[in-house]
Amino acid sequence: MLTTIAWILASLSLIVIIFIIVRKFPSLAILNVENIPGEKETKFKEKIIRQRVERDFNRLGNSLDRWCRRLGGMISGFLKRYYQHLTKKRNDLRRQKKLTFIEKREKISVLFNKAKVAMSLEKYEEAEKHLIEIISLDAKRLNAFLELAESYRLRKSFREAKETLEHALKLAQQLSRDPEMLEGVVLAEIRFSLAWICFQLGLQTEALEYGRQALDAEPNNPRYLDLILSLSIMKKDKKSALDAWQRLASVNPENNKLPELHAKIEELPD
Numbered sequence: 000m001l002t003t004i005a006w007i008l009a010s011l012s013l014i015v016i017i018f019i020i021v022r023k024f025p026s027l028a029i030l031n032v033e034n035i036p037g038e039k040e041t042k043f044k045e046k047i048i049r050q051r052v053e054r055d056f057n058r059l060g061n062s063l064d065r066w067c068r069r070l071g072g073m074i075s076g077f078l079k080r081y082y083q084h085l086t087k088k089r090n091d092l093r094r095q096k097k098l099t100f101i102e103k104r105e106k107i108s109v110l111f112n113k114a115k116v117a118m119s120l121e122k123y124e125e126a127e128k129h130l131i132e133i134i135s136l137d138a139k140r141l142n143a144f145l146e147l148a149e150s151y152r153l154r155k156s157f158r159e160a161k162e163t164l165e166h167a168l169k170l171a172q173q174l175s176r177d178p179e180m181l182e183g184v185v186l187a188e189i190r191f192s193l194a195w196i197c198f199q200l201g202l203q204t205e206a207l208e209y210g211r212q213a214l215d216a217e218p219n220n221p222r223y224l225d226l227i228l229s230l231s232i233m234k235k236d237k238k239s240a241l242d243a244w245q246r247l248a249s250v251n252p253e254n255n256k257l258p259e260l261h262a263k264i265e266e267l268p269d
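For the sequence shown, the positions run 0 to 269 when numbering that gives the first Met the number 0 is used.
Pair ranges (Cβ atoms, derived):
id: 1; residue 1: 237; residue 2: 121; range: 40 to 48 Å
id: 2; residue 1: 106; residue 2: 219; range: 36 to 44 Å
id: 3; residue 1: 238; residue 2: 258; range: 18 to 26 Å
id: 4; residue 1: 108; residue 2: 237; range: 49 to 57 Å
id: 5; residue 1: 106; residue 2: 153; range: 19 to 27 Å
id: 6; residue 1: 109; residue 2: 233; range: 41 to 49 Å
id: 7; residue 1: 203; residue 2: 124; range: 25 to 33 Å
id: 8; residue 1: 183; residue 2: 238; range: 32 to 40 Å
id: 9; residue 1: 120; residue 2: 166; range: 23 to 31 Å
Calculated from the structure, these hints are not laboratory results. Cβ coordinates follow ideal geometry from the N, Cα and C atoms, glycine included.
Working from the sequences, and respecting the hints, build out all of it.
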């Protein structure tokens, strides 16, 4: 009887132990597996290693996530402070190293030459850098803005060209009180350039307005008339197109496009 009870208790104990092992299996990674034979040993080791690696990666991932957030904040703060430091240093240097009039003029001349060479080599970004440096030295150097706009036009950055020319036009209007400051720049040419850029951007109404402003200043300029004529045809403005055609025919009768342009005007609705 006692033997039977002992066996029952032993069996129950074994069942409990097995249940605990199944429930707590992941915690047994440190168990000695030397007594587990063959294929079972290999699978057991693989499973234990996999579980430990997964746990380690999870812990590592969480740690890295927290660490990266802290590191990101530290780097961001450092870069902000460093940028402020550089800005202050740059401003201090500018105050300390103000160029004389002659030094500034010579430097601008050198930069213009560099920009010209870069443009000739189609290195438009390099030219842009030199021209912007000129503008930083002399914010009223009108030719620098016009050359900058040209560098944008040549690389087909028409929106940047438009913005630059609009600023150049405002500056030219301010400088027009002193013709020497304009450096030979004609306001009508800036307006014509704006008209052409707007034409490239598909801004026909703006292009026509700038073109007419240029034409008001130089009524017989064949380039202005040709652009006004093309824009008027595109906008199907027959009256304006015919007027521009007649004026163009008067000032430039050798223009080979006149018959073709007149035919297009005739096709426009009245």
